[in-house]
Each structure stands twice: as C-alpha cells, then as structure tokens.
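> Each chain, written out:
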Amino acid sequence: MTYTDITKKHEKKKRFSKPREKVNLFITKIRATLLLIFWEKTGLKKAINWLKIWFKKVLDKIYQLYLYLFKINSFVFVLRILTVLFWLAAVSMLLLDTITVALPIYTDSLGTDEVLIKALLWVIFDLLAAATVLYVIVAIFVEEERSRLPTIAIVQIFLILAGLLLGLPNSEDSVYVGFALLFNFITIVFAYFSFVALDDQVKSLTQFRKSSKVFFRNRMGKIGLVILVVLVTLAALGPSITRYEADDMDLANIHEGPSDIHILGTDKFGHDTWTVLLDSLGISLLVGVVAGSLCVLLGTTIGVTSAYIGGWVDTILMRFADIVLVMPPLPLMFLLASLPFLLGTIHWSMIAIIYVIVFWPVSAKLIRGQALSLKQRTFIHSAKASGASNRYVIFSHLLPNVFPLMLTMIITSMRQAILYEAFLAYLGLGDPLNNSLGLMLQAAQNQFALASGYWWLIFPPAIAIALTTLSFAFIGMAFDEIVNPRLRKR
Amino acid sequence: MGLWKYILKRLIFALVTYFVAVTLVFFIYHVMQGDPTYIYSGNVHIDEDIPDSTRERWGLDEPLWKQYFIFLRNLLQGDLGYSFFKGKPVMEVIGETLPWTLLLLGSAFIINGILGILLGSLVAWRRGSKVDATFVLTYNVYNAFPLFFVGMLFIALFGYYFYIWDFPIYFPLLGAQNPLSYRFTFIQQVGDVLWHLAMPLTVLVISGVLGWSWFMRGNLINVKTEDYIQTARAKGLSENQILFKHGFRNALLPVITSIGMSVGGLIGGSVLIESVFNYPGTGLLLLNALLENDYNLVQGAFIIIAGLTLLGLLIAEILYGFIDPRVRNA
Amino acid sequence: MIKLNRKILVSMTIVLAFSMMVSLVPTSIMAQEPIYGGTLYTPMGSDIDTLNLFTQGTTYSSYILSHIYDSLVQYDVDNVPQPVICSAWEDDVTGEIWTFTLREGIVWHDGTPFTADDVMFTWNLLLNDDTIPRRSWIFDWIDGFTKIDETHVSVDFSYAPGFSDVMIDFATQWIVPEHIWDSVDVLTFTNDAAIGCGPFKLAEYEPAQFFRFEAHTEYHLDGPYLAEKVVQIVRETEAGYYALSTGGLDVLGGAPPDLVDVAMVDPAIEKHEWLQDYWMYLGLNQRIYPMNIKEFRQAVLYGTNRSEIVDVARYGRGLTCPASCSLPYGDYYNPDVKEYDFNVALANSMLDDLGFLDSIGDDGIREDANGTDLAFEIMVSAEAQESVDTASLVQGYMADIGIDITIKPVLFDVLWHEVGGDGSQLYDYEWCLLGWVGFWSDIHPNWASWLFNANGNWGGDGKNIPGWSGDPRADVTDLCEQIFLTNDEDEKKDLLNQIQVIVAEDLPYLPLNILGGVTLYRVDEFDGWVMGSTTGPDNWESWLNIQLLEPESSPGFLALGAFLTVVVVVGLVRKRRR
Amino acid sequence: MTLLEIKNLKTYYDTRAGVVKAVDDVSIKLQKGEVIGLAGESGCGKTTTNLSAMRMIQNPGKIVGGEILFDATSLLNGQEIEELEELQLNPRNILNLKEEQMRRIRGNQISMIFQGAMNALNPVHRVGNQVHEVLKIHEPDHDPAEGWERVLDIFETVGIDSSRARDYPHQLSGGMKQRALIAMALISHPEVVIADEPVTALDVIVQAQVLKATKELQKTFNLSMIMITHDLSVISEICETLAIMYAGKIVEYGPLRNVFKESLHPYTKALINAFPSIIGPKKELEDIGGAPPDLRNPPTGCRFHPRCPKVMPICSKKVPINTPVKDGYVACHLYQEDRK
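The listed protein sequences derive, respectively, from chains A, B, C and D.
Per this note's numbering, residue 55 is the first one in the first sequence, and the count goes up by one each step.
Per this note's numbering, residue 129 is the first one in the second sequence, and the count goes up by one each step.
Per this note's numbering, residue 6 is the first one in the third sequence, and the count goes up by one each step.
Per this note's numbering, residue 4 is the first one in the fourth sequence, and the count goes up by one each step.
Everything labelled a hint here was simulated from the structure, so no lab data went into it.
The C-beta atom is built at its ideal place from N, Cα and C for all residues, glycine as well.
Be careful, since some hints might not be right.
[Unchecked claim] Here are some of the chain C residues that sit facing chain B, going by a computed Cβ distance under 7 Å: (1) THR55; (2) ASN57; (3) THR64; (4) VAL191; (5) THR195; (6) ALA213; (7) PHE215; (8) GLN237; (9) ALA244; (10) TYR247; (11) ALA248; (12) LYS343; (13) LYS468; (14) SER474; (15) ASP476.
[As the list claims (entries may be wrong)] What follows is a set of in silico ranges between Cβ atoms, one per label pair, in the way DEER data are often shown: (16) PRO296(B) to GLY110(C): 36 to 42 Å; (17) ASN300(D) to SER440(A): 46 to 52 Å; (18) ILE238(B) to LYS65(D): 39 to 45 Å; (19) ALA232(C) to VAL321(B): 46 to 52 Å; (20) TRP509(A) to PRO296(B): 45 to 51 Å; (21) PRO382(B) to LYS65(D): 47 to 53 Å; (22) ALA232(C) to LEU439(B): 41 to 47 Å; (23) ASP355(B) to VAL283(A): 39 to 45 Å; (24) ASP74(D) to SER440(A): 55 to 61 Å; (25) VAL321(B) to SER313(A): 44 to 50 Å; (26) LEU439(B) to ASP115(C): 41 to 47 Å; (27) PRO382(B) to ASP297(D): 34 to 40 Å.
In isolation and in its complexed conformation, chain A is listed as follows (with noise of 0.2 Å):
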C-alpha cells in the first residue's frame, strides 16, 4: 500500500460524508503519513491484519463447525464428537507419558548412556506424537490438511509405535504410550468418516453418505464399534473401576465363586478375576493393536515400495514374502518365541514383533496388489506427468487410494494378533508378568477350571477374547463393503 493509496482511500471515504476543507485534507495527509510510518513500516498493521484474518477465519471455522455439526445427521455429531474425544484422550495419554514416566527417567537417569539416551528419544517420539496427534485435531477445523489424513495417521502410528517400543524397558509405564496408540486408532477410523463428513460441507453429501452409510448401515459394523469401544473404556479405566488392583491377594477367599466381594470370584491367588480380567483386556488389546498395526504398516511399506519401483526390487521382496508365506506360521511362531537370543525375556511386545515376522507377508502382497493396480490408473500417470515427485505420488496419490484396504487389513490383522497371542500363552510361550487373556486361559488351564468348576475363572476371558476378536471382525466386515462395493446389499 503506497501513499497515495491511502489518501485515495480517505478521499473516498470523502464521498460518502460532507465535503470537508483543505485543512482537513492536511491533517488527514498527516495522519496519512503517520499511518505509513507507524503503521506500516513497522509491520503492525500486517500483523493485525493477520489477526484479523484469523480471528474471521477461526470464526468462520466456528460456524461452518456449528452448521455441520446439527446439518449433518446426529450420528455423524456423535462421531466427530467422539473423535475428538479420543484423540485428546490420546493426546493425554501421551503427555502423561511424558511427564510422569519419560521424563523423570530422563532426568533421574543414574545409569547408562544408553539408558539415557533411550529415555530422551522416549521423550522425543512421544511429545512428537502428542504433537501430531495435536495438528490433527486442529486439522480437522482446517480444509487444506484433510486430504493428507492418511499419510499423517500413519507418520502418527510410526511415532506412537517408536515410542512405545524405546519405552519397553519400564514396560509397565509405557502402557499409557500403548493407550494412546488404542485411541488413535479407534479415532482413525472414526476421522476416516469424519473427514469424508467435512469434506462433503464442500462437495455434495454423496461420498460421505456413501462410506458413512455403507459402513453404519451395517448393523454388525455398528454393534461391532460399540463392543469395541466399551471394551477399550473399560481396559483404560480398569484399575478405577475396580476396588482391587491386578496383583492383590485376598488370600482368605481362595477359588470363590462370584460374590459381592468380588463380582467375578478369585484364582488359587485371591486374585480378584474382574480386576485381572480387566487388566488383560488392555494387554491383549495393547498386543492386538501394536502387531496388528505395525504388521500392516510394515507390510504396507514393503506392498507399495515393492510396487512403486518394481523391477528387481519388487521381485527379490515379494520372492521373499513368498518364501515366509509358505512357512505355517504358528510352528513358525514358537520357533521364533523359543529363541533365546531373541527372548532372554518373554514380553508381550517380543509377542507383537513376533507376529509381525510372521505376518507381514500376507499385508504386503494384498498392498502391493493394490498399489500395482493404482499405479496403472490414469491419476497416478497424470500427476507423473505434470512433474510431481515420487515422493509427492505415493504420498498424495498412493497411500490415501491404499488406505481404506490398510485400515481393513489393520483391523483383521488385529483380530488375528490377539488370537495368536491365546495360542502362544496357551502353549507356554506367553509373557508371564503381564496378565493377558490367553494368559489367563492357560492359567484357567492350570487350575483344572474345566475340570473342578471354577467357570468364573475359564468363562470371562474365553468370552473376552471372543468379543474383542468379535468386534474387530464386525468392523472389519463393514470396511470390507467399503472397500468392495460388489459385497454390498443393495
């Protein structure tokens, strides 16, 4: 803005009011180049210009949230309010993390620089995450950032994941890195429609409606994300809702059947079984979400480089896919479980990495499948062509297209985990200082519970298991309509 621009501006302000003198005009030019000086040289104006340009932006935010949010049918309130429930649960739990446990690591760290040096990345990678998990919330108020959901979710497990496994250590305190990565992903798959949902105050209702609908017109999609979230609350607020801890003994009640001491009745040890069952709940559900999702992400990695470059790239990993795929995985499995050099200690994350060796193959080549097919549509050789970068492609291109089959891969993959993780328990290879619920039905196992008619101490982890893996399936069978409109019913 020039001079003479702003004494245009007051001239014509000029117009509208009663013809003014000369002096007027002086004083005004004055005050015109006053403005110039401390206005605009100082670069005030521009920053309250930009404010200003917030202020009506984030108002503008405000609204379009308040239209959206009682435009759009209840149930997608109900999800975006969900969503971001979750995510500052998440983000919560990252911070908690950090302060509580990482950082008193760090600080009273008297061993070794390793051990030093651990703790601080475990800072890092956490408040990185808290920081992602944070620009997604304000993502979702801001048009520009949605499209690149995918790529930020995932950039957001790799974080939370690093995070969780440097915190391995203090495996006990790390728990809450393992609840941020539960919520995150339950809030991915609800920002999944949230985010279509937003979108759609752009465009028409039609792609919304269409996956929002597919997936929760589904009536075992809806009662298999409500099992789900009841069971997620319930393993992170096991210790408050329960008058027990894990570990308490009540050894005057040995084997008792459910009473109003306790509402599930106690093993050989006291142990009250509502409070342990509660407490595997969140292990097996920690061990599910953490192979499960590291396996396909791993996979998906492999499935899309695999595809992107091909070549002799392409053919040496998926040869190699071939020849882990052909191995039978549970034999495989404690094959691996049995190495000691692997396990000097069972922990259920050796369990989760296990799985991941195990299973990655099988996320890899249905990726890569995927990715292949997409490579020839004519999107992906347009942006090619008008210059865009590889990396530019497969993020902006690629990984969003994978993505909906990835969060369908995830969900069953996640299924599959905590199963695997029964088995192992069950075969003796489980992580014994964590309560997990195949660990509980071997324990179940040990006690004759079948045998002796300690139902209480067999029934609720065996239908624990059944519902978790239960409500990963529905999920995964409404994602599946997504992803393959020919299983839809009309």
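Got chain A sorted already, so can you dock chains B, C and D onto it with the hints?
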C-alpha cells in the same frame, strides 16, 4: 505346451523356496546360543565329559559353513540328522508321528475342501436369506474363540460330562488308539482309530469348513456381479446352470490358490488340537522337541512341516494351472 | 421293523435274567489265592526320550524302564534296600570286596535263562566304557569283578565304600542281557524291543500315546498278578483327571487340592500324599555385594513367609525346606539347626543393623552402604507358572522389608546358562529361583558332598551357582571329604550334622520349599496298593502286589451282543421266509 | 409388423435411500428389420429399459408397470397358453410368463450383446464353447458335431477366423471378443437383438469394423435391433429410428434424419451440439450444464427443466405429454403450446 512349462516353473520355484526356507531354519538354529549337548547337563549323575565327547562325535566342533554343507548333503540323502534326546535318527522319530498327523490333516483337508466349498456356494447363492445370516454369525462367533478353548470345551463336555451325565455316547479322551486295540479285529481297529479321531477332527473341521465357506461365499458374491454372469443369464441359462457352469469354476480359482496357505493354517491348528487332545502328531512332537531343546528334531520337524505346506501349495498351483487357462500363458 | 417271535422273546428274557443273576452273585470273597488278571492304567506326563537305559536322561524313561529291567537290589517304599536279582550280599573284612548271591531260575523276557555272565557283562560294560552317560561315579573306584560260580559274583572296590554307596550307586544298576547287548553299539542302540528280566514285558509302544506291558509270567518274585499294564501318556492333567473319573486311568498325580476334593466325592477314588526329593531355593549371587553378607541372606530368609509359599504357590503341597538344604526326614537329617521362622520385625532389624536404611528419599526402599537402592532382579523360569507365582510372592515379602524386587522370567535354558548351571561360568544374575532334585539327602550320606564339595561337580567351582565362598565353605568341603573317607555310619552322621549346622547358618542357598505330591487312585478294581511317605501308589512294589478285587469276567455285553445278533438274524430269516 | 412393443414401461429400484425411478413410462415399438437407437446420458435408464425387455432386472429392481409385447407363443405349448388365458393374461405380454418360460425366449428369440467385451465372456471357458452353449440350451436335441459346425460358421460370419473358436477369451483381442459376443447373440437366429453399447470399449478403428460387421449382419439376417449408446456417431451409422432418453423418460422419438436435422426437444439439441462433427461445418461445442437429476426425487414437471435453456413456468408444474410430430413425437411444453 504352456501347461507343462507352467508346472515346471512352479516346481522349480517351490524347490528354490524350500531350499531357502531350509537354509533359514538351519541358520536360525545354529546361530542361537543353544548347544545340543545341553540336554545332558540337567542330570546329576552324568559324567562331566559327556557333552564334549558327544560334540566331537556329531561334528559340532566344525565351523558353521561346514556343518551347513554336511547338513545339506545329508538332507539330499533323506537324513535329517540325529535326535540327541530320542537317541534315534530324526527321520525315524518323525516317521512315527507323521502318519497320525497326515490322517488328521488329510481328512480335515478333504472334508474342509468339499464341505466348505459346497456350504460356501449354498450361502452365497442364498445371500441375504436366513441361512446366510446364520452362517455369517456362526462363522464369526466360532472363530472368535481360540481353537484350543473350543477343544478344551469339547473334551470336558463330550469326554467327561457326557459320561457323568450318563449319556449313551461319550468320546475317548486320550491318544489316537485304544491301548487294548490289539485284541480287536481289523474292522474294529479301524473303527477305534476313527472313534479317537472324531473329536479332534470335528473341532478342526468346523473351523476349517466355516473358513473355507466364508472365502468361497465372498468369491461367489464377487463373481455373481461379473458381466459374464449377466451374459449367461441372457443366454437363457437357469440360475443353477449359471452357478455351476459359470460361477462355480471362477469362484473356485482363488479358493484353490488359498489351499496352500490353508495348509499352513491347518498345521497351526493341528498343533493346538494335538496338544489339547493328546494326539500323537508331528505338531505335538515339534512342540515337545522345542520344550526339550532337541534342536535337530525341531529343525527336522519344521523342515517336514514346511515341506508339507509347500507341497500343498504346489498341488494347488498345478491344479490352478489346469483350471484357469490364463495363467498358462502369463 | 422286526417282529420278534414270542418264543425267541421269552427265551431271551430268561437268558437275560439268568445272566443278570449270575453277575450279581459275588464270585469270591478275597480268597487266599491271588486273583490273576486285569489291566492297570497309569499316566505319564510326557513321552520318553529313549529306551536305551544307558543313554536315557529323563524320569519318564526311568519310569518305563523300571517296568522292564531289574537290578540286584531295589529300594522299597520305606527306602530300605531289598534283594531282587540277588538274594543276599556281604562284604569281606576290608570292606573292599562285596559278594552278591544271585537268585536261581530267573528268565529273560525272551525265554533265555539269566546267568551270572549277564551280570558280569553289564558290570564290565560300565567299568570299561566311560562314555556311557548313565554310568555311576562309583565305577571309577572299582578294580574288577569276579564270577565265583553261577550264583555268586563279587566286586572289588579300590577302597572300602560305604553301604549306601554300594547299594544306591552300584547295586541298583539295571542288569541287561548279554546276548542282546554284546553285539550292539551301546551309545546308539535304540533298544526298541527292550528285553529285561523285570516284572513286565514291553508288548507295545505307540510313541506319544501309550506303553503296553504284559506280565512276565516267569518272574522270580511273587507277582505281578496283573495281566497287563498300560502307561498312558497324558500331557494335560485335566484330561488325566477326566480319564481317572471315567475309569480310563487307575492312578493320577498332580491334581490341585480343589480337584482332589471334587474327586474324593467318588467313593471309588482315594488319595495319597507324599513328598519329593526336590526342593526350591532362592539363589543369591554371592559374588555381588551385598549378597555376600551372611546377615543379609539371613534377613532375606527371615523376611520370607515360606509356609505361605507352600500354601499358595504350591497348592499346600510339600513342606518348607530346612535351611540346611536337607530333607527333614531320613537317617541323616539334623533337626537341631537354625530355623528361620517368618519374622518381618527381625528381618527389618537385621537389615537396620547392617546399616541398610531407607535414608535417601522416602520410597520405602533401603539403600546399601554405597547409597545404592536394595533393588534386585530375580530370574525365574518362565515355563513354570508355580515358580513365577513363588517369585511374585517373594516380591511382596521383600517389599515389606524394604527390598525392591523385579521379576525377570526367562526360558529355563537361558536361566540355566546365565546362572552357570551348564558350566558356562557366566553367573550373570542377581537373584534366581531354582530347584535341586535327586540328591537323596534322606538316604545317601554323600548328598552334602555332591551339593557343597568345592572339588566336586555340582558344588565345585565349575558350577557353584550361588558363588558360595569363604571359611564355612572350606570347612564344609573338609567335612565332606571326611565323610567319603570314613565307613562308620555314626561318624558320617555326626559329620553331616556339623555340615547342616554350618550350612543353615551361612545359607549358601536360601531353601524355600520341598515339593510334594498328591496321587489319586481308584480302589474299585484293584487292591493291595503299596506306598510310602516318598512314593505314590504307582511304584514298583505296587505293581507286584496289587490284584483284582474280583476275577475278570469275559465281557458280558459281547455275549449279549452275539446273542442279540443271532436273534435278529433268525428273526430276519424267518420274516423273509414268510 | 411390430415385433416387440414396450408399452408404458415402469421399472423402479427400491433402495433403502428411496425408490429410484430408473424407467418411467417408456414406450418403444420395434418393427421387423428396424434398428432403433436409444441415446442419452449415462444413467438415464437406457440399459434398464432393455434389461426390462429381457426381464433381467435384478433385485432390488422391479418392473412395476406397463407391458412388453412380444409374440413368443411359438415357444409355449398349448397347455401353457391355456393356463395364461384362463388367468385372463395376455400370452403375448412376456411380463406374464413364468421365469422358466422366459428363459426359453432369452438368447433364443431375444438376445443381447453386452457392453464391455472384456468381462462379458467367461475367462475359463473356450469362446466356441460359450457360443455353442446357447445352442445346447435352446436346442437340446441337436447333434453336437453339427452344432459345432454352426458355431464355426457364425464365427466366420462375424469375421473371426474359425480356428480361434478353440481359444480362451484372454487370447482374443478386444474386437474379436466383441465379435464373439455378437456371434453368441446371433447363433440361434433371434428375432430381436438388443445391443448394449457394443462398441464403447473399443478403439475407433475396431469400432468401425465391428459396426460395419453388425450392419452387414443386420442386413443379411434382416434383424430387428435396439441399439443403446451414448455415442451419437454410432447411432447415425446404423440406426433408422432414434429415441432420446432423459432421466427415465423418452423425450424425443422419430426417424434418424428428422431427429438429427430438425431436433425439437432442447435436450436433443443440446446433446447433438455437444458432439463434434468431423465432416460438417466447424461449430462451437456446447456444454449442457448441470448434472442429471437424482432419480429418487426427480424434478417435478418436465424432468429437464432445471437444465433447460428454454424453461418456462409451466415446465416445473406439468409433465409434458408426447406431442406427435413427423413420424414421431416429442415430450416438451414448447410444442404443445404451439399446437394449441
């Protein structure tokens, strides 16, 4: 001939895969800190020098690559090494258990295949009906429970409580044979083996049949929307003719590819089932060998099991070549 | 479908009624004459490794082989040696030459008569081939054997061994037939068709399923009265329990108390409780400060509620183990050693006295003289749930006396390697939870030597898991050597008493509990079970003694079935004719 | 002679989101030897009309009204006709036939050439066998060897080398597959052939070849055809009569030349303007603007009125009736008023 070339290609690929898998297993087992002679060291009354002499005797002092070539040479001669724990060649130990596993797996495999495909076609063709809804629910609920838990329930219910409740029929609890079956006639012996097979097989087969039909159902639903089904309808074919002449074979193609994979899963299931039902198969042997640190036996059992899986895969691929003309020229 | 002829119906009813009457009449009231016949079903937890008695290494194999093979002498349920193949033994004045008189009329399972040459063959084999894993240490101290005549053999020791040494380590060696073993490579022979002279012949072996034995009808002692014995391999005790209640097994061990209570409702099932020569200990690595302080170890033991460990982690089976690491019964037990009754106050004050106070921070964890927290990692075998349970109980007790414990469950292999049990000399652990099995502290005076002697194998510096050192250890080693040199039982006892006092005071191991067992057995079919304080009903003596309560009848239902078939066939034929 | 007459056909899809009126009150008359072109944007109900004519509408679609008259009585035996007459149903209305009776007509008297030759052939059967299958169904008693000869014949006729009959679909080129489909439709000498965008997926050269072949065949066999396409150039090549559909209704119907040269309905004009003409004078291409309506709640009155350049107040209120013009009709208020 495209077909023969295809089969040859598959065969070579299977062999290469097997070779790599075997090599992997060998090295996994030889870089770990385990030493086969450990199995003697838990014993108070054994002389100190024994592990050394054993080590010498079985060439465990040789460098790893040399051991590897010895291993390969022996493998080509069908020799999987020597089980230190059992004091017998690994081949012989596995040979004792393999028939039972083959019996369990083989019958499960055949029943799964036939029943699964039929049931899958039925429910897919009656999509949306009550049969279909029941099927979807049954599939999901049954497979939501861990297999071993179902096995435990079966044992408790059909083996024990049925007896307690004075039911006319209850199933045997242990092993694959009655210890006194030597007194029986041949027919009775066969009956005895089948009677012992019934419960483990049922648990395995229910899950297998449901899984296969689930897969078949999905494929058939996909195929049903293909254009050539429409074409067939326009030709005037009846729904049943369409199903069997056009839908079935196309839906079967992916199912056949998954046969190989399903063998792997089946073996995993059979390990659990063998363990729950005390069934004397190779899976149980592998598990016990792992717990007893009988490394050569573990290696051998795994090589055999992986071989079975690969064989299943190979058969599936060859079958695929026969059914789908497209792969022959691809 | 089939109309039964009235005549047939009537005759059938008569036959049925008659057969029922017959079956109701008790055939005999426990006659003097033993009743022969019957099949005994016993369980076994896992398959055996091999039937080669010289290379086998598991208790399962020993159990199976003990059906087939006999030794000169067998320890009975009261741990008294009883003659089996031999009828008598005697030593000369020097105590170096022992002569055994063999029974006559012993026959191998394949019909070949048993001779003194078989005994000589077995002994010489063990004497000359020192690569045999199952070779007893005592063969290193033997000069030679002499066959005096067909019924007398003697052995010439290079020193005068104690009675228990000869009996346990020498005379209980199984004797193998020369005509089978002289032509085979002892180390690789699989011995699939094992021929022995024991009470049972191996009739059938189905791997991972069962063993079937037939009675050795020409057995040289009384019995066995059984016709057959089946050893069923039962991996899951739960399945075993089902089998026991449905009559598929006659004996079952390893059931927890509640299941025992459930089972005892059945009048056909009885229980027997016994103890094992197997004790668990807390190994504190004494190579590391502060575990090398005696008072610290004592405080830890005082602070551990060992009876609760027995009650909770071990289902109330077994006993707390004396601090002297010996079984609290038998000839060599010294009851007058220091006892460590659970006493948190004492443990706390002992730690206070040591100067281990919670001075830094108020976290409830004591610090040692260097200001380091008393925080230790306890390594435990992940495979054994009871061990993990025990460790978590210990964790709780230690928290009460200001010691922070983390549990590190690892595979047994790794554990054994890390603590140096396999001779790795790593000793890379702080605390560990392990057990010792089979030192025979109730019957063998050398038990202490095996366990504590610094020059020996298990107590020696090659393994020495807890890293025990110092004067007490030297003293104990001296005492052990003395036991070895003396032949006077009283003196041995006295020396062992001294050792136990020292051990209980210095605590190389912190013994927790002795394992025990409960065995359920059926009493509706067999009678004459023999069992003792350390054995359940499924033992060698029982096998020879038990007999059927009433004679076996040919299965009536078969006859009935045949009869019915005839009726049906006749009926059908007649119908067709009409 | 009228071979096939579709009268006031109504086919609705009953979806959860509402009833989709895919075909609403459509009438077509097909004479012997006539080729009718059916044109319109995608999703306007062309395919549904023809699937209805073959009674191949899948769930949740349903023919809710109208008649489809086709003389199939030669395929019915006397008893069946009597049964229909007893029920006072017109045996010529194929909507009254049972499914089993209908199957005798499909592929035999009315056959269909599908779009997307890529997928319309079953990949696991030989092409010849798939063609032969039609004969096997409709002439169960025929001699297989003779039938196979006929298959080879028809292959030669449609322009495929008869040696390719033993090939699998993936071994044929796109054009050949389309020809094979045509062969499949023609082998039983049907009276009516419905071609559903037969050349859409092919490249221009092959398109021309296939069209030429189709035209020749039509001439040789004196076929009556209904040709569905959204490509007007295809229609101009082969058809004599043209029907323009919009949103489930026929908006203009008449001889090809009339509709092309003197199109009356604004939609037809727009549609023709949206097509470039290679031979004709260069002209500005016009975009119709807007999108086809949602058929669950179509616009009131004339369904084209929201996009119509010549919209009048009445258009949104009253459904235009078919106004007869030269040899055809048009459904537009513009011309109704003129007549008044």
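> Kindly indicate which numbered hints from before are broken by the structure, ordering the numbers from low to high.
3, 4, 12, 13, 14, 15, 16, 17, 19, 20, 21
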